[in-house]
Amino acid sequence: DAGITQSPRHKVTETGTPVTLRCHQTENHRYMYWYRQDPGHGLRLIHYSYGVKDTDKGEVSDGYSVSRSKTEDFLLTLESATSSQTSVYFCAISEGQGQPQHFGDGTRLSIL
Amino acid sequence: RKEVEQDPGPFNVPEGATVAFNCTYSNSASQSFFWYRQDCRKEPKLLMSVYSSGNEDGRFTAQLNRASQYISLLIRDSKLSDSATYLCVVTRISGGSYIPTFGRGTSLIVHP
Numbered sequence: 017d018a019g020i021t022q023s024p025r026h027k028v029t030e031t032g033t034p035v036t037l038r039c040h041q042t043e044n045h046r047y048m049y050w051y052r053q054d055p056g057h058g059l060r061l062i063h064y065s066y067g068v069k070d071t072d073k074g075e076v077s078d079g080y081s082v083s084r085s086k087t088e089d090f091l092l093t094l095e096s097a098t099s100s101q102t103s104v105y106f107c108a109i110s111e112g113q114g115q116p117q118h119f120g121d122g123t124r125l126s127i128l
Numbered sequence: 337r338k339e340v341e342q343d344p345g346p347f348n349v350p351e352g353a354t355v356a357f358n359c360t361y362s363n364s365a366s367q368s369f370f371w372y373r374q375d376c377r378k379e380p381k382l383l384m385s386v387y388s389s390g391n392e393d394g395r396f397t398a399q400l401n402r403a404s405q406y407i408s409l410l411i412r413d414s415k416l417s418d419s420a421t422y423l424c425v426v427t428r429i430s431g432g433s434y435i436p437t438f439g440r441g442t443s444l445i446v447h448p
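Protein chains in written order, with this note's numbering: chain A, 17 to 128; chain B, 337 to 448.
No wet-lab data here; the hints were simulated from the structure.
Every residue, glycine too, gets a C-beta built ideally from N, C-alpha and C.
Worth double-checking, as some hints may not be accurate.
[Unchecked claim] Covered stretches of chain B (chain A as the covering partner; in silico rule of three or more C-beta atoms under 8 angstroms from a C-beta of chain A):
1. 381-395
2. 402-410
[What the hints assert, rightly or not] With a straight-line Cα cutoff of 25 angstroms, these simulated PhoX-like cross-link-like pairs (lysine-lysine) come out:
3. A:LYS27 x B:LYS378
4. A:LYS73 x B:LYS415
5. B:LYS415 x B:LYS378
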């Protein structure tokens with residue numbers, strides 16, 4: 017399995033609090049992605065990164081920010097969590113553009 | 337029209353059956369195509385890439401039809417362990433970046 021670790025694996029928090037999810041890879045892959053998966057919507061791209069300090073928005077980026085200060089770490093931040101952000105969040109990595117992605121185990125986030 | 341569409345199923349088949357799924361995409365400039373499988377409450381895992389000439393991996397065959405803008409996955413001699421959700425991924429180029437888009441998945445149930 018690709019060396020991808022997501023943390024935390026589970027989190028419950030309250031509306032209005034900040035939340036940061038971490039994705040750590042040991043593969044030295046250039047591309048990293050954050051998705052959310054919800055019933056009826058499938059996997060939707062939030063943000064992606066194509067290198068250190070290089071990030072761009074995906075399909076559902078509102079309410080989320082990301083940072084990538086090192087190749088191995090890609091952070092997803094919810095500045096002020098809302099109940100609509102309750103979801104399962106997956107991080108993925110790929111070696112190059114258009115290449116297959118490999119996913120982390122996911123983070124189950126509940127916003128009460 | 338959604339960018340990537342799949343029949344959600346479920347496809348309910350007996351062991352040993354042959355089953356096929358299609359995935360249609362709307363952007364004719366799409367570049368890369370993949371099939372993933374996802375087990376309940378797990379991360380998506382790469383099943384196979386889809387090449388223009390078609391490709392086979394054991395009991396699985398993937399094909400691409402650019403003219404009609406769909407990809408297909410054929411599973412022969414279905415096993416109980418094939419029960420899962422199958423996700424197609426289509427990657428398009430936008431602003432110089434390759435943007436992957438997932439279908440919502442097709443559920444397969446293989447019964448004894």
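Where does the structure disagree with the numbered hints, that is, which hint numbers, in rising order? Hints 2, 4 not satisfied by this model.
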